[in-house]
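Given chain E's structure and the hints, the job is docking chains Z, W and C onto it.
Residue numbers (this note's numbering), protein chains in the order written: chain E, 8 to 390; chain Z, 8 to 390; chain W, 8 to 390; chain C, 8 to 390.
Calculated directly from the structure, the hints in this document are not laboratory data. Check the hints yourself; a few may be wrong.
Identical chains share a label here; the pair holds if one copy fits it or two copies do between them.
Straight line, CA to CA, 20 Å or less: simulated EDC-like cross-link-like pairs of lysine to aspartate or glutamate [said to hold, decoys possible]:
id, residue 1, residue 2
1, K166, E114
2, K99, E114
3, K356, E246
4, K67, E20
Protein chains: 4
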Amino acid sequence: MSIKKVKAAVMTEFKKIEIQNFPYPELREDGAIIKMIMCGICGTDKHLFEGRHPAPLFVKFPLILGHENIGIIEDIGNSAAIKMGVQGDRLKRGDRVTWYAGILCGECYHCRFLPSNHAATLCLNAKGYGQNLSCVEEPHLFGGYAEYCYLLPGTWVYKIPDDMPDEVAVLTDVFAATIGVRKAMMPYPVLKEGFGPGDTAIIVGSGPIGIAAGITARISGAYKVILVGKIKERLKIAEEIGVFDHIVDIDEYPDFWERSLYVLSLTPRNVGADLVVECAGVPEAVPEGLALLRRGGVFVELGNFLDTGNITINPFSDLCFKDVILIGQWSCPPQSFDVALKIMELSMKRGIPLAKLVTHKFNIEEAEIALHRADYMKGVIVP
Amino acid sequence: MSIKKVKAAVMTEFKKIEIQNFPYPELREDGAIIKMIMCGICGTDKHLFEGRHPAPLFVKFPLILGHENIGIIEDIGNSAAIKMGVQGDRLKRGDRVTWYAGILCGECYHCRFLPSNHAATLCLNAKGYGQNLSCVEEPHLFGGYAEYCYLLPGTWVYKIPDDMPDEVAVLTDVFAATIGVRKAMMPYPVLKEGFGPGDTAIIVGSGPIGIAAGITARISGAYKVILVGKIKERLKIAEEIGVFDHIVDIDEYPDFWERSLYVLSLTPRNVGADLVVECAGVPEAVPEGLALLRRGGVFVELGNFLDTGNITINPFSDLCFKDVILIGQWSCPPQSFDVALKIMELSMKRGIPLAKLVTHKFNIEEAEIALHRADYMKGVIVP
Amino acid sequence: MSIKKVKAAVMTEFKKIEIQNFPYPELREDGAIIKMIMCGICGTDKHLFEGRHPAPLFVKFPLILGHENIGIIEDIGNSAAIKMGVQGDRLKRGDRVTWYAGILCGECYHCRFLPSNHAATLCLNAKGYGQNLSCVEEPHLFGGYAEYCYLLPGTWVYKIPDDMPDEVAVLTDVFAATIGVRKAMMPYPVLKEGFGPGDTAIIVGSGPIGIAAGITARISGAYKVILVGKIKERLKIAEEIGVFDHIVDIDEYPDFWERSLYVLSLTPRNVGADLVVECAGVPEAVPEGLALLRRGGVFVELGNFLDTGNITINPFSDLCFKDVILIGQWSCPPQSFDVALKIMELSMKRGIPLAKLVTHKFNIEEAEIALHRADYMKGVIVP
Amino acid sequence: MSIKKVKAAVMTEFKKIEIQNFPYPELREDGAIIKMIMCGICGTDKHLFEGRHPAPLFVKFPLILGHENIGIIEDIGNSAAIKMGVQGDRLKRGDRVTWYAGILCGECYHCRFLPSNHAATLCLNAKGYGQNLSCVEEPHLFGGYAEYCYLLPGTWVYKIPDDMPDEVAVLTDVFAATIGVRKAMMPYPVLKEGFGPGDTAIIVGSGPIGIAAGITARISGAYKVILVGKIKERLKIAEEIGVFDHIVDIDEYPDFWERSLYVLSLTPRNVGADLVVECAGVPEAVPEGLALLRRGGVFVELGNFLDTGNITINPFSDLCFKDVILIGQWSCPPQSFDVALKIMELSMKRGIPLAKLVTHKFNIEEAEIALHRADYMKGVIVP
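So that you can see chain E by itself, here it is in the shape it has in the complex (with noise of 0.2 Å):
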């Protein structure tokens, strides 16, 4: 065993990190060692460390946080070079990549059932790096706010393209949450029944999957894509990020009906937009993303991943009146990483900034200090 050691932030209890030296991995036949480039900050990361409902029931301490993570590979399994790289490619030392933070069993009913948007959901034996992959089981480093990563066998690995800056690389993740947009195209784009190129969409909520679902609309041909979010220095940059045709600041519309009637108005013929995408993670951005629907739209609701608390619709007017179709959309499937990373090319190709949604960088020691904040967009670890 190597005498290197492997400084990480672990958290032992809900609201606590400590930083903790782990011996580093010796590697076996099937698995990869990572040199971490990268890690972001998720939302869930957060959400994760408070221990709001239901994270007590998965998550197991003591826990290395992460799952938004980018590195160099420094070591890999022979098995595990030909299995892990799913697009096809041979993974060698060298290879900077990404990866997707669940690893699926494949022979419970439900990875055998559901199509793999949903096994991601539902299988019974998932395990996720930065989530429920405890450290107390050796080789120990299954989270990204570390200086290291183990890759177990059945981890979806993605060569990251050699153009795609860091900065950028560390968003797949974030842009695999926004697939959504790209199921909402379902019930026949043609007849206005599903999301498809010339409709309108909204998003609500600025921060980054807010952020890249509006990119992701754009990019697959909306019309108009038109931003509903708060915090002055987000929808600062949300507007150099140069993809929507409007951006309202909740602030200067504090009035729900007036706001909602402004936002209606930015809509071809003013009956809101052909598909919603809730991002905004509270609960309260659903009757609001709902007021802006126009019937027979689409809702995508993708924020509320963890349980931020209730709230009262109308059967009638939410959604039979409505005409809606309303997907809830749990997680992402594995998949999904292929279309973020060429949504992502596409995106430098038309010069949009992506890179600009990584406004905060913090080392492993300042892991507790960047979970207790929430005054940026997108803040990453960099050990």
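Below, chains Z, W and C without anything else, positioned relative to chain E:
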């Protein structure tokens, strides 16, 4: 003008019915005079009668209620004979027919741009028999609680198959309302993303629409069909209809969680239904139905046609985590009468005793009494 | 090693079958030994036997044919008992089961990226019982024309419902092949874009798959189901099955146009079927089926599983002007066995005499004779 | 009646054009008089001119050709001003507009029952500017190769955005014809079953429709767009348009297999495109396109609008084994003009030089010459 008089039950204000006589109508080139056989009393009629929200926004007094109509063509204009018969048949005196309640303008933005199921929703100039066509306008007879009904140009008229009893034919509108079951097949049914043959359906609500939804699911190849409802008389008829694998009486399982667990235990692998159709038309049926749906399933909301109150839902557990596709169904397109008639024919061939759904017959004078009662499955007005 | 011997019909080269004895297999932790009850003789078996293109590209000699298998678990390893039972049940000795013929690697690009129905197509490492699993490898018994069959890890095993006769259960693979009927519901069935309840289906081809497709269409709510086929014995059985509204004998209408006009006259409004399923497996059935499809309908091509020749079509009249959605179906995903078993159960409940499809039983020694004959509906090998 | 004369190019029989003068039309309440700006010369015009099958079945002589029209409203009746403006705007003198070539009856079975894209196909009473509206009927001016055009009730009129040059606006019908790209998103694009953002598209055919299809695919989020075509002048313009990642000149790769292998090598993993759009309108482009499609991909056939001959395909390898979803697209619904205009606006915003597609301008007297030539990208008639 004929001196013959036509009797009708007229709603002169909310909660008030008067029996009035109208002149027998003069036939126009583009119209038809129907001798009423029977008119179903819809739950919507009761809501309109009571003036529930949003009835005051569109009901026009005085009004002859009744939109679930069947009758005999007593006279028909030349152009109407060609144009009203939507199945391509030329209509003639003596034909037994039913007709879609709405008349769409075909010229507004919504009629032109949205698929027919939404046109029915959004047409800016839509007229509805028994709803917003007041009897103050000549020739007055625009509702089914009467001896005759006058059909305006643009009405979608369907011939009733010869071997279909009146008590079955009068249910066409009810079966058309279950078009959501067919709509639920949309999201690519092969891979358990939508409802298809071999899947399990739960119907919440044991009124006529709930029973019809169960029959439609059965005819569509459902492996199991489960009914959750109450009111002993209704559940008894549901049993006689014979298409339900299980009928769950809410009164026998008054506790929500106990009931939910029991119903889930009736579904394959206890994970919930692939399809839930909410037909109860009470707000609390929505969370009930969501609790009975498997993750990744389809939920069709078609019960809350008028505003009966709010519900509380949790965007995390009810939408995101549920990975739900929720289809809010507003009204049904006029084309769904075609599907409805065919499903009713198939039901008859399979020996399903559809006519049992019509449990009470009232004459025109009894209309007000009928609207006050709530103790029957499907009541009809027979002139 | 046991001294018990296992008899099997072995294809040693194209058009040649030998009866050979193999040692009774030794059970491994991840495998299962099945005592064969019955094995269906598939049209594909005959094509493989005859060495038609592309059989030479993947058949590996010596080969025990037979992939439509049912049997009793005689012994099963511990991990296999947990993992092979795809419906979530733990398998055990004595269970009567059927299994999907293909074993997919789950790790290649195609298994990871394409939905399961395509994985079955494209897996780079797929193994198939009775197809490319040669009996030269131990434990040899990889085809159904034998007394025993050995199941390898990764096999999808389904328990057969207790009340389902062997002669029905042996048809699971045949019914799974009709998954295209369900797939045809995809293009939004509400507005007559795809196949749904109330629509009319025409099946071209009166072999077992054609009959099964007709049953599946009927179970799925088809309003009319029409069969076009030949061979008197097959049409007689089709009649006894009782799900077809019309059976058209090609020999009675030998002229293509005369026959087409007659079949069209059996469809609503004479415009052709909403769905045509080509199950004849001869090239000329494709233009025949296209001629019987209404404009805007769905055509499912699942008959031409091996190369039986070319056809001439006109891109203008057969594709563009026809406004067709044509679904080429390659194989069926392993999940379709679940749908198949449920449709067969529903058929039994409706009194459809499925077992009549099995018209001829042969013992292992008669395998070569059985492969030469073409005069039966469905033949089976019974050890 | 005005004494002003209106000049038009009249097709008096196949292959014969005469310049004639017509009286300036009298305006009716429900009509509009358009001063023509420009009319595109469609490939269909050439086919009609040459009398190719099935032109003789529906062309009515004498005929003013021209259905890709833009012009200025010179006068409009009161009811037309309200009803023709399908985007909800009231039309008025001076508006610059384009209009859909077909007028649908809205009353026949097909108009009522089939979704709008099929209604355009099947309406029993459809009238088409420049196609079956003969100039023998008053007010004569029903085609675009003229100084004025008269619009009948039921015409779908779209205002042209102010900042869109005439040379772009005249392409609306061309872009509307690429609606199949949007239609290809239908089969649930999440799991690589249909076309969606991040996927690769191959366009076969380098005429105006092929270029427009490529632009539509690019605007819709295609990762790679590859053009296969010939005629140097056209490929040069395709290059200038700037949306194609690769342009393959058939003349440089005259051998079918060599060319196919080269094009496949341009697609991710060399397996072929997720979407192929056939826009060449020659029979042999169909097998060419099928060879370039990955298994499980979507093929849109929209080129063979008139009968240009037969092809030979192999049902096994081209349909079943290919696991293809093939969408034959007949015409485009009138609503697709809305999508087309928006895609053109988005293209302009991205700096795509759409106007370069219009390479040749002819005056009315030159119409016959223009119809004989085949050496330009898009020719237009400018009165």
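Against the structure, the hints come out as follows:
1. K166 <-> E114: Classified as between: cross-chain Cα gap 17 Å, same-chain 26 Å, threshold 20 Å.
2. K99 <-> E114: Cα proximity of K99 and E114: across copies only (18 Å, versus 28 Å in one copy).
3. K356 <-> E246: both (18 Å within a copy, 17 Å between copies)
4. K67 <-> E20: Only inside one copy: K67 and E20 sit 9 Å apart there, 58 Å across copies, limit 20 Å.
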